[in-house]
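> Sequence:
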Amino acid sequence: VLVHGDAALAPFALGWPQAARIADMLRHTGYVAEALPPPAGDPAEVLVAEGGGALGRGLLACAVAAARLGARPWRLRVGGADAAAAVARLAALAGGAPVTVEPAAPDYRARLRTCAASVSLLGYNTAVDLLQSGAPAVVAPMVAADEREQALRAAAFARLPQFETLDAASLTPQALAAAVARAIRRGRVTGPTVDLNGVAASARILLGG
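The sequence shown begins at 1 in this note's numbering and counts up one residue at a time.
Derived from the structure by calculation, the hints contain no laboratory data. Glycine residues also receive a C-beta, built at the ideal position from the N, C-alpha and C atoms. It is possible that some hints are incorrect.
Simulated restraints on C-beta separations [unchecked claim]:
1) 11 x 96: 26 to 36 Å
2) 92 x 1: 21 to 31 Å
3) 202 x 70: 37 to 47 Å
4) 16 x 92: 39 to 49 Å
5) 95 x 21: 19 to 29 Å
6) 21 x 53: 25 to 35 Å
7) 11 x 147: 13 to 23 Å
8) 89 x 41: 16 to 26 Å
Make the full structure from the sequences, and use the hints.
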């Protein structure tokens, strides 16, 4: 059983307590990471992204209010099937705030390599992108009755100097602005902090190496 994660950071047993029953079958490969594109974008901006859904929309609205508390530019990337309508609503909400609101775009990972800080949920792909880029990150993990994965991941990642975590109960514009400021003061992480060699390790295991 291939587990695409770093056992030293977030072992499979973290999310599935019965993992010990198949421990002899488990192989942690490291995170599966695609090569990052060249850096792009404004190094002064806060980059906010979500994949759609009510929780993500709430994070974007909170980001608009947080941006009003300072002069730094914020860029909001809106995903989901209703992205165009959501962009229009958020742009109207932003008014004169230093905020750019636009649909999700393929240059997101390139902008992660440059931005002053990132704000996002913490799905697997986003987590890997953040680890690769080293961007100072504020994460608000998705929490629902049937969704524990992101909260467990955020608890593990909180040990890394790159990450600030805000849970749903703490997510206010003031708290978000303060977390972003702390992340920016810490600065960008350089060099790997976790195992990102999942592609090579998976191939080696599957080929019998």
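> Look at each hint and say if it fits the structure.
To see whether the hints hold, each was checked on the structure:
Taken as a hint, the range 26 to 36 Å is violated for the pair residue 11 and residue 96, whose Cβ atoms sit roughly 48 Å apart. Between residue 92 and residue 1 the beta carbon distance is about 48 Å. The supplied range of 21 to 31 Å is therefore violated. For residue 202 and residue 70, the Cβ-Cβ distance of about 43 Å falls inside the hinted range of 37 to 47 Å, so the restraint holds. As the Cβ distance of residue 16 to residue 92 is approximately 44 Å, the hint placing it in 39 to 49 Å holds.
Remark: the range hint 19 to 29 Å for residue 95 to residue 21 is contradicted by a beta-carbon distance near 56 Å. Checked against the given bound of 25 to 35 Å, the beta carbons of residue 21 and residue 53, roughly 34 Å apart, stay inside it. The given range of 13 to 23 Å is respected by residue 11 and residue 147, whose C-beta atoms sit roughly 20 Å from each other. Checked against the hint of 16 to 26 Å, the pair residue 89 and residue 41 passes, with Cβ atoms roughly 24 Å apart.
Of the numbered hints listed earlier, those contradicted by the structure are 1, 2 and 5.
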